[in-house]
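Each chain is listed here by its residues.
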Amino acid sequence: MKILYFAWIRERTGIAQEEVDLPGEIKTVEGFLNWLKTRGEEFDYALENPSAVRVALDREHCSDFSQPLAGVNEIALFPPMTGG
Amino acid sequence: MPTSPKGPIVRIQSDDFDTAQILKRATRDRPNVGAVVTFTGLCRDEGGKLAALELEHYASMAEAEIKRIATRAYDHWPLDQLIVIHRYGKIAPGENIVLVIATSSHRQAAFEAASYLMDYLKTNAPFWKKEHHKDGTSDEWVEATDKDDKALERWKEI
Chain A
485 MKILYFAWIR ERTGIAQEEV DLPGEIKTVE GFLNWLKTRG EEFDYALENP
535 SAVRVALDRE HCSDFSQPLA GVNEIALFPP MTGG
Chain B
89 MPTSPKGPIV RIQSDDFDTA QILKRATRDR PNVGAVVTFT GLCRDEGGKL
139 AALELEHYAS MAEAEIKRIA TRAYDHWPLD QLIVIHRYGK IAPGENIVLV
189 IATSSHRQAA FEAASYLMDY LKTNAPFWKK EHHKDGTSDE WVEATDKDDK
239 ALERWKEI
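Chains as they are written, first to last, in our numbering: chain A, 485 to 568; chain B, 89 to 246.
Next comes chain A alone, as it looks inside the complex (with noise of 0.2 Å):
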């Protein structure tokens, strides 16, 4: 699975994206996020408040982190936009 990491989750992980092997009992988002702040402190820190953590999978939109990952190639973990 590659993951993406931008702006301040970016420089909390240290990382912008890397590829990785989840174990096989994460089924959803939500296990998977869970999985990822015990990776480490960095990550930890970078996930630490829930509510300011978006997700893309596959390059649109999650809002429902209850959704399966099966399919799933790329998952990106980015802060609240702000273009425009």
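Treat the hints with caution; some may be incorrect.
[What the hints assert, rightly or not] Below 30 Å or equal to it, Euclidean Cα-Cα: the simulated DSS-like pairs (lysine-lysine) are:
hint : chain 1 : residue 1 : chain 2 : residue 2
1    : B       : Lys238    : B       : Lys137
2    : B       : Lys218    : A       : Lys486
3    : A       : Lys521    : B       : Lys218
4    : B       : Lys178    : A       : Lys486
5    : B       : Lys112    : B       : Lys178
6    : B       : Lys244    : B       : Lys155
7    : B       : Lys155    : A       : Lys486
8    : B       : Lys218    : B       : Lys155
9    : B       : Lys235    : B       : Lys218
10   : B       : Lys178    : B       : Lys238
11   : B       : Lys112    : B       : Lys155
12   : B       : Lys238    : B       : Lys218
The set of hints was computed from the structure by calculation and includes no laboratory data.
Chain A is fixed; fit chain B onto it per the hints.
Quick look at chain B alone, frame taken from chain A:
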């Protein structure tokens, strides 16, 4: 009579754009167009303290997401053309950040579509602004505001 464009035009670029030139092209040989709304978003200097804005973006998603937003507008209002240009990278005060041009036979569709586009770009286009300060204090990410989320409420039916 020129055929109508097939859908919105979306460009994501680091280079600046020339609003007048794009506008001229958008309305050339379009005798059915009676209304053009142009919105240009510029970089403010925040009372003189801002040296530059740095716009980070999720390149592969930005174009797709803005196309989704623009296509909803294009399908909803009777538009002739809908053009969106969004810049990324380092932008100095006074420079352009974003351009939306909506053309239509009548003004209401053009006004509303441009407004809809901007409201959704603010909250859904994967861009993040970072402020670089003139006085050398540490760079700061711009925070999203509730006001921007609330602005979407009027478009609930679309």
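Evaluated hints:
Restraint check: the Cα-Cα separation between lysine 238 (chain B) and lysine 137 (chain B) comes to about 28 Å, which is no more than 30 Å; the hinted pair holds. Note on lysine 218 (chain B) and lysine 486 (chain A): the hinted pairing holds, with a Cα-Cα distance of about 25 Å set against a maximum of 30 Å. A hinted pair counts as satisfied when its Cα atoms are at most 30 Å apart, and lysine 521 (chain A) with lysine 218 (chain B) qualifies at roughly 25 Å. Of the pairs offered as hints, the one joining lysine 178 (chain B) and lysine 486 (chain A) holds, with about 27 Å between alpha carbons and a cut-off of 30 Å not exceeded.
The straight-line distance between the Cα atoms of lysine 112 (chain B) and lysine 178 (chain B) is roughly 27 Å, inside the 30 Å bound, and the hint therefore holds. Distance restraint check for lysine 244 (chain B) and lysine 155 (chain B): the Cα-Cα separation of roughly 19 Å lies within the 30 Å cut-off, and the hinted pair is therefore satisfied. The straight-line distance between the Cα atoms of lysine 155 (chain B) and lysine 486 (chain A) is roughly 23 Å, inside the 30 Å bound, and the hint therefore holds. Of the pairs offered as hints, the one joining lysine 218 (chain B) and lysine 155 (chain B) holds, with about 24 Å between alpha carbons and a cut-off of 30 Å not exceeded.
Our distance criterion of 30 Å between C-alpha atoms is met by lysine 235 (chain B) and lysine 218 (chain B), whose separation comes to about 19 Å. Proximity of lysine 178 (chain B) to lysine 238 (chain B) is assessed by CA-CA distance (about 28 Å); at most 30 Å being required, the pair is judged to hold. For the hint pairing lysine 112 (chain B) with lysine 155 (chain B), the CA-to-CA distance comes to about 22 Å; that is within 30 Å, so the pair holds. At most 30 Å may separate the alpha-carbon atoms for a hinted pair to count; lysine 238 (chain B) and lysine 218 (chain B) meet this at roughly 23 Å.
The structure shown violates none of the earlier numbered hints.
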